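Participant: Given next are the chains, with one letter for each unit.
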Amino acid sequence: MLRYTISRLLGAIPTVLVIITLSFMLLHAAPGGPFDSQKKIPPEIKANIERKYHLDEPLYKQYLRYLVGILQGDFGPSYQYRDTTVNEIIRQGFPIDIVIGGCALAGALLIGLPIGIMAALRRDTGWDHLPMGLSMIGISVPVFVVAPILILVFAVTFHWVPAGGWGTGAPKNVILPAAALAAPYIAYVARLMRGSMVEVLNSPFILMARAKGVPQYLVILRHALKPALMPLVSFLGPAVVGVITGSIVIETIFGLPGIGRAFVDGALNRDYTLVLGVTILYGLLIVIFNLLADLSYSVLDPRVRY
Amino acid sequence: MAAATDALNISAAPAGRSLWQDAFSRLLYNRTAIASGVVLGVIVLASIVVPWISPYNYYTPQWALLNAPPTFHGGHIFGTDDLGRDLLVRVMWGCRVSLLIGLVASIVSVVIGVLWGAAAGFVGGRVDAFMMRIVDILYSVPFIPFVIVLVVMFGRNLLLIFVAIGAVSWLDIARIVRGQTLSLRNKEFIEAARASGVRGPTIVTRHLVPNLLGIVIIYATLTVPSVILFEAFLSFLGLGVQAPMTSLGVLVSDGASELQSFPYLLFIPAVFLASIVYCLNYLGDGLRDVLDPKER
Amino acid sequence: MTDAPLLQARKLSVDFATREGIVRAVSEVDLDLAAGETLAIVGESGSGKSQMLLSMLGLVARNASVTGSAKFKGEELLTAPEKRLNEIRGSGIGLVFQDPMTSLNPYLSIGLQLTEPVRVHKGVDRAAAAAQAIEMLKAVHITEPERRMRQYPHELSGGMRQRVAIAMALICRPEILIADEPTTALDVTVQAQVLSLLREIREQFGTAIILVTHDLGVIAELGDRVNVMYAGKIVERGSVDDIFYNCRHPYTEALERSIPQFTKVRPARLTAISGNPPNPLHLPPGCAFAPRCPYRLDICDKSVPPLETVSPNHAKACFYEGPLGTAAELSA
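Going down the list, the sequences are from chains A, B and C. Note that my numbering has the first sequence beginning at 1, numbered continuously upward. Note that my numbering has the second sequence beginning at 1001, numbered continuously upward. Note that my numbering has the third sequence beginning at 2001, numbered continuously upward.
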């Protein structure tokens, strides 16, 4: 188990390197430098700035310098916000994303799993068709439609929660953005769970369990749940990607100072180091969650042993 | 024994429908899939016809008619937007653009995915391992930020969006096609074809492609809605289609900002966007039920 | 008290509602099983053997409707509540399925799966259940039972898994063991071992066995009485000797001709049964076997032959009264 974990960690290194290299090269291939879009600045000052950020060095030197920085956990200075490092921006913004994304994913599991199981148990009845039809709507409606409607209903009409802002991250600030972000994932989880549960319930070992006289609830909880959860484990990686995308939208709509918004602002302002840093952070997150999914697989499935 | 085979042929004759006929007749049983197909057909038809016969276009502002609400006797049944442009025509143009982006990007991703997956699966061995390792790595690359960066850096043009989205979403198809190819490669009928001297390319076109077609159609159908949603996402960030040209994503995100004063500006395009995505998803599910060999 | 047969079915039918229409998988079958006897049920795949037995325990798919009557020791099963059925399943009637590769849960340890019926039915604690399980593993000749308890199904061979499945079905000492094609998925050598295990169990525990198979060789090994099923109906029933040496139904004859016989010096010509089993959606109006039958009479296409007594304990459902064995050349 430990050996497998270590080997998978080592295996992730080339992936991370590819992500860093790809992002770095892409940003440097972009037409126009980071300081081109600003007002005309005298060439000697521009040269000064470029020297300060080592932009006058050859590309490979810049790349190596950047790599060394990342190894030390340093994403470099922001080009746009003077005297601020990318690390500081991430340190301020990232906790917000963790809270909202975590709440959204946890909520999606807590609500989606029971719905999916119920639909599978009452297959082809109203208890199946109605939630599955609704969940298809949940998948089809973009987050930026759901969010304003939630705001209109719960903030503007009923005044139960604020329409936006982070404040100190109190539950009333978290609930609406997390709900909007969770909506499509409740739907995905429910559909995925229903599908895999139906498949598992049709398998011979479930018939065997019932033939032994095991009561229904134990058949579900002990025999069917674990195998049915496996596809959800592999969904973990893609779910994180989706939450990242969603959080970019959510932060814009609710005016939250997370890194998603910082990223978009950075992209629009050509803040290359910020964009680069956040992209790499996103990549790391995806790598970590895919790794977690693989490890959970080997813990959950006795046939997978390394 | 001869009698046995004869009898077998006779009794098998009425069941000798082709896979596709069988799939089609099974699809007809799936009422949701059929309804989805019909709704989709109506939207496509309307998006082609309406801008063509309407007296309005999608770009000329009417300063006297800003934010006119939907009405049946004013000529603007969906109302007008904040520049007085007819919302019906704009929504129909939005459907055109969104569907086109979805279609083109899906074709790009299917072509890349099928070629990559089939090549890996068919060649096998080290080449396969290497090609799939690349797919594994690309799976961990955060593509959405990449596309955002691409669009910001290289300017917003439709072609770039097509290519970028298409290039992002081929990974799933590549994996599935590779898995299918791998399992098909070792099937008896391929073996038989090989043994009777059929050449490699012929095996690919005559035996592999038809057998892969089902699964590719399913994933293509399911890729279109995800691409449409992604375009909507880019439009929301202001990185999508450029004004005055529009897409459902642009219309929805514009509408979202005026939800409180003019809710129809959000709801009308949102209904079309959701309907298209909804129908394509259901159609894809229906196709999976009838075409996926695993589901039988 | 002992008058009621152990298991008795009357006019038992199973219908499946499918998209294409209603499929009658089992049609008005009567079945009797006395304590300690071994009843074999033979037929091609799809002839309704398994569905008939599963239906009695309420284990058929949800789109099935079961009619008629099925009694276990005089108690009606078809109308029994799920709770009562759960008590009977595993403790009164044990089941073993065809494929030991798929009928054990790959995610749970052998020990958990094996002790589960005892824990559920007898309410004994973990340690006592484990002791019983180890006892049972020994009874089915599994070596190192303590170690096996901790293992998972994928760590055992096919034959071993089937022994575990048998142990699981027997651990509560049920009066009936239903074995649904228990040897079909196994290697020939392992098949013999499993069969001899079943014979041993019958002697050791006095368990009545219902053995579902499509393999007449298995019946010769193990059966007391035989029911031959075709297209959801019993077409012939009798003792093993009746069926092997004095069969009266053309289908039974055809089945026997299709197995190789190595005992004879000059074996008879091996013949396949011509044609295919009928489509359950479109059964012929008369005898379901008529289209494939070499002895077919005109009446066979029109009405369904009833199951008629030939001699005590021997019955057949066929209009043809002449001697069998004359049509061998016709069908070959």
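Since the hints were derived computationally from the structure, they do not count as laboratory data. Any given hint might turn out to be false.
[As the list claims (entries may be wrong)] If you want a taste of the chain B side facing chain A, the calculated C-beta under 10 Å gives, among others:
#1 1052
#2 1131
#3 1229
#4 1232
#5 1239
#6 1253
#7 1260
#8 1277
[Said to hold, decoys possible] Where chain B lies over chain A, by a calculated footprint (3+ residues, C-beta under 8 Å):
#9 47 to 56
#10 218 to 232
#11 277 to 283
[To be verified] List of simulated lysine to any residue pairs, SDA-like, C-alpha gap at most 25 Å:
#12 C:2083 x A:204
#13 A:226 x C:2020
#14 A:226 x C:2062
#15 A:226 x A:122
#16 B:1187 x C:2151
#17 C:2083 x A:203
#18 C:2302 x C:2046
#19 C:2083 x A:201
#20 A:226 x A:284
#21 A:226 x C:2046
#22 C:2083 x A:206
#23 C:2083 x A:122
#24 C:2083 x A:219
#25 A:226 x C:2106
#26 C:2122 x A:220
#27 A:226 x C:2158
#28 A:226 x C:2059
#29 C:2083 x A:127
#30 A:226 x C:2187
#31 C:2122 x A:127
#32 B:1187 x C:2109
#33 A:226 x C:2156
#34 B:1187 x C:2126
#35 C:2122 x A:46
#36 B:1187 x C:2102
#37 C:2122 x A:289
#38 C:2083 x A:222
#39 B:1187 x C:2059
#40 A:52 x A:91
These numbers come from a predicted model, not from an experiment. In this text, a Cβ means the ideal position worked out from N, Cα and C, and glycines have one as well.
Participant: Check each numbered hint from earlier against the structure, then list the numbers of those it violates in ascending order.
Facilitator: 1, 2, 9, 10, 13, 16, 20, 21, 30, 31, 32, 34, 35, 37 and 39
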